[in-house]
Amino acid sequence: QKQRVGQLSPDELRRKRQKVSMIFQHFNLLWSRTVLENIIFPLEIAGMPKNEAKRRAQELISRVGLQGREHAYPSELSGGQKQRVG
Numbered sequence: 001q002k003q004r005v006g007q008l009s010p011d012e013l014r015r016k017r018q019k020v021s022m023i024f025q026h027f028n029l030l031w032s033r034t035v036l037e038n039i040i041f042p043l044e045i046a047g048m049p050k051n052e053a054k055r056r057a058q059e060l061i062s063r064v065g066l067q068g069r070e071h072a073y074p075s076e077l078s079g080g081q082k083q084r085v086g
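For the sequence shown, position 37 (counting from the first letter as 1) is numbered 37 according to UniProt numbering, and the numbering increases by one without interruption.
It is worth saying that the hints were derived from the structure and are not from the lab.
In silico BS3-like pairs for lysine-lysine, Cα to Cα no more than 30 Å straight-line:
1. K16 x K2
2. K19 x K54
3. K2 x K19
4. K82 x K19
5. K82 x K54
6. K82 x K16
7. K82 x K50
I would like the entire structure built from these sequences, with the hints used as guidance.
Shown next as structure tokens:
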């Protein structure tokens, strides 16, 4: 069924967005930062305390199977690994 997204209520739009995912071709990683630092950076910008951001970043690294690569730079990662960080 076709729907115009501009005519959806905020709640309807939120439900639709939950069913959409994207995989970006360009990963937008900061090349001068490690995997860990690339994950911590946006968390800190969002206001998360540094120690909590580091704990959360390590949890996410484990979740995507990049344990042991925390201190690697983007240039040292495969395309799939970059995708999991970005």
